[in-house]
Amino acid sequence: MEILVCVKKVPDTADAEVVLRPDGKGIKEDDLAFGINEWDNYAVEEAIRIKEAHGGRVTVATIGASDSEDVLRRCLAMGADEAVMIDDAPFKGSDPYGIARGLRGAVTKGSYDLVFTGAQAGDDGFAMVGPVLAGYLGWSHATLVTSIAVEGTKVAVTRELEGGLEEMLRLEMPAVLTIQTGINEPRYVSIMGIRKVRSKEIPVVDLATVGLAAGEVGANANLLRELALAVPPAGKEAEMIKGTPAEIARKILDIVKERGGVA
Amino acid sequence: MAKVFIVVEHRQGAIRDATFELVTLARELEQRYGLEPVAVVIGHRVRPIAATLAKYLPETIVVDSEALENFRYETYAAVLKDILEKETPLVTVCPQSAFGMELYPRLSVETGRPCATDCVKVEMDCLNLVVVRSIYNGKINSRLVFGSSGGYLITVRAGSYAPAAEGETAGTIRDYPCPAFGSPFRTEFLGYREAASGAVDISQAPFLLSIGRGIKDVENIRKVEELAERMGAVLSCSRPVVDKKWLGKERQVGTSGRTVKPKVYLAMGISGAFQHLAGIKGSGVFIAVNRDPKAPIFRAADYGVVEDMFKIIDALKEKLGS
Chain A
1 MEILVCVKKV PDTADAEVVL RPDGKGIKED DLAFGINEWD NYAVEEAIRI
51 KEAHGGRVTV ATIGASDSED VLRRCLAMGA DEAVMIDDAP FKGSDPYGIA
101 RGLRGAVTKG SYDLVFTGAQ AGDDGFAMVG PVLAGYLGWS HATLVTSIAV
151 EGTKVAVTRE LEGGLEEMLR LEMPAVLTIQ TGINEPRYVS IMGIRKVRSK
201 EIPVVDLATV GLAAGEVGAN ANLLRELALA VPPAGKEAEM IKGTPAEIAR
251 KILDIVKERG GVA
Chain B
264 MAKVFIVVEH RQGAIRDATF ELVTLARELE QRYGLEPVAV VIGHRVRPIA
314 ATLAKYLPET IVVDSEALEN FRYETYAAVL KDILEKETPL VTVCPQSAFG
364 MELYPRLSVE TGRPCATDCV KVEMDCLNLV VVRSIYNGKI NSRLVFGSSG
414 GYLITVRAGS YAPAAEGETA GTIRDYPCPA FGSPFRTEFL GYREAASGAV
464 DISQAPFLLS IGRGIKDVEN IRKVEELAER MGAVLSCSRP VVDKKWLGKE
514 RQVGTSGRTV KPKVYLAMGI SGAFQHLAGI KGSGVFIAVN RDPKAPIFRA
564 ADYGVVEDMF KIIDALKEKL GS
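Chains as they are written, first to last, in the numbering used here: chain A, 1 to 263; chain B, 264 to 585.
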């Protein structure tokens, strides 16, 4: 089983304050912690588990620059066999179609049975690269995948629907699967583990290597052009309860009692 | 006249709620820009669904075939490609859901029409289609314009538009033949299964104490279990807690978990992703505790507390006594 996992380094904005740059064309990144996209981490773990059960190899790919190397090394420490970096300079400002074109080149250079991406990315959240890539390749795809069982030349998956429901599908390989969080419990990566892969070579490939010409990707090739970023309007705000923790606790208990809780 | 098509989402015989939000969007595009709204119903034995849509919109197109019994992107994309090429709508919308996420990016490649996913607003600026997307965990809005194309595909985030009230329209229903499928299918639908089953039914609890990413460590679960018991609350949670397997899927509140309507919802350490907030619409009173004063949850809650959740937990326990 040959598996390619596409990963991306993103800022953690779930628990951080996000501030626009003065030019309004991006966010201030200095105070944000960056790491592997949460969904991608599950995808890497899933690929390694399949390799451990069925044999084969796991390759991780990113479109990035030297600052993404730590993310790839982390994947190698988890158990990926190879890592490849597609130089992101020509991809600056690319929409999901541009990213998928770049990854298509990485896929067709190998002979993969499965390609994994995260179900979405924590920054722009398009959730498009996986199924668009499958479309470019003419492969089957499934999104929001919550379990995978390899069955010969086919793969049985479940997809997460709404309301606690899942659907079960069987796909012919090769296939692109986009991985939902919670599909597994990603393994812990130790400092020692990362040290062990520190000297592993990570090839950096250019646009021509992935079969593209300048102008086929990047902001000028986009089907979607960003006009402006803005902080969303405040809208309705909660009534803030202030005071010491004890005072706040008192007030919370009063509200609970008054509104039909039982405390 | 230019048209806006709504791809109707339905499952196991029922129309999904998000479709009625898209009716509101389509009507807005009709009023503001003169687009003519049309519903597209694809499936098998879907006449009743088409009849419902005909109460809301002037025209409904139905493609009914045994081959379309259960949704698969392969069959739906083939049908929609045929429809879009013949009917040439300017905009075709569907919900950003497990359905839309599986179908639309692929349909975009198959038809060559550009797609913008997970939009919270759709507008026109002169002849250009402009969308707004909510990014970076709801903390930034991105305004995007499409490059020029004969038609556009858009998926819309649930809750972005109010659901349309039941209409009095006597719309027409037009049968559309199911196109012949060329190549053999590479995907097979096997069935549905329930992912969240357990002894607890959080949807019935009058008082939910709900925890999120802020719980930080599995060791802390015991603390909130204790508090829930003392307060007489049932413990629920947001997605990250279930992803880490710290609580069972049956306790997850949100789009992919359970929809709840308790009298009291007390959220601790939950930032307020829209998927979570969609699961608590219509709750009685909603109190949120979070350290980040800019957390989106404070835009949805009735009462907010900016404080470390563990300090509040300890203070609550103290007030309640042993």
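Possibly wrong hints are sitting among the right ones.
Stated by the list, open to error - Here are the simulated BS3-like pairs of lysine-lysine, each with C-alpha atoms no more than 25 angstroms apart in a straight line:
(1) B:479 <-> A:242
(2) B:580 <-> A:236
(3) B:582 <-> A:28
(4) A:242 <-> B:526
(5) A:242 <-> B:344
(6) B:479 <-> A:257
(7) A:236 <-> B:479
(8) A:251 <-> B:384
(9) A:257 <-> B:507
(10) B:507 <-> B:479
(11) A:236 <-> B:524
(12) B:582 <-> A:236
(13) A:251 <-> B:507
(14) B:557 <-> A:25
(15) A:154 <-> A:242
(16) A:242 <-> B:557
(17) A:257 <-> B:384
(18) B:507 <-> A:236
(19) B:580 <-> A:251
Calculated from the structure, these hints are not laboratory results. All of these numbers come straight from a predicted model, not from anything done at the bench.
Each hint tested on the structure:
no. : hint            : in the structure
1   : B:479 <-> A:242 : holds (24 angstroms)
2   : B:580 <-> A:236 : violated (31 angstroms)
3   : B:582 <-> A:28  : violated (42 angstroms)
4   : A:242 <-> B:526 : holds (23 angstroms)
5   : A:242 <-> B:344 : violated (56 angstroms)
6   : B:479 <-> A:257 : violated (28 angstroms)
7   : A:236 <-> B:479 : violated (29 angstroms)
8   : A:251 <-> B:384 : violated (38 angstroms)
9   : A:257 <-> B:507 : violated (32 angstroms)
10  : B:507 <-> B:479 : holds (10 angstroms)
11  : A:236 <-> B:524 : holds (20 angstroms)
12  : B:582 <-> A:236 : violated (31 angstroms)
13  : A:251 <-> B:507 : violated (32 angstroms)
14  : B:557 <-> A:25  : holds (21 angstroms)
15  : A:154 <-> A:242 : violated (58 angstroms)
16  : A:242 <-> B:557 : holds (16 angstroms)
17  : A:257 <-> B:384 : violated (39 angstroms)
18  : B:507 <-> A:236 : violated (32 angstroms)
19  : B:580 <-> A:251 : holds (13 angstroms)
Checked against the numbered hints above, the structure breaks hints 2, 3, 5, 6, 7, 8, 9, 12, 13, 15, 17 and 18 and satisfies the rest.
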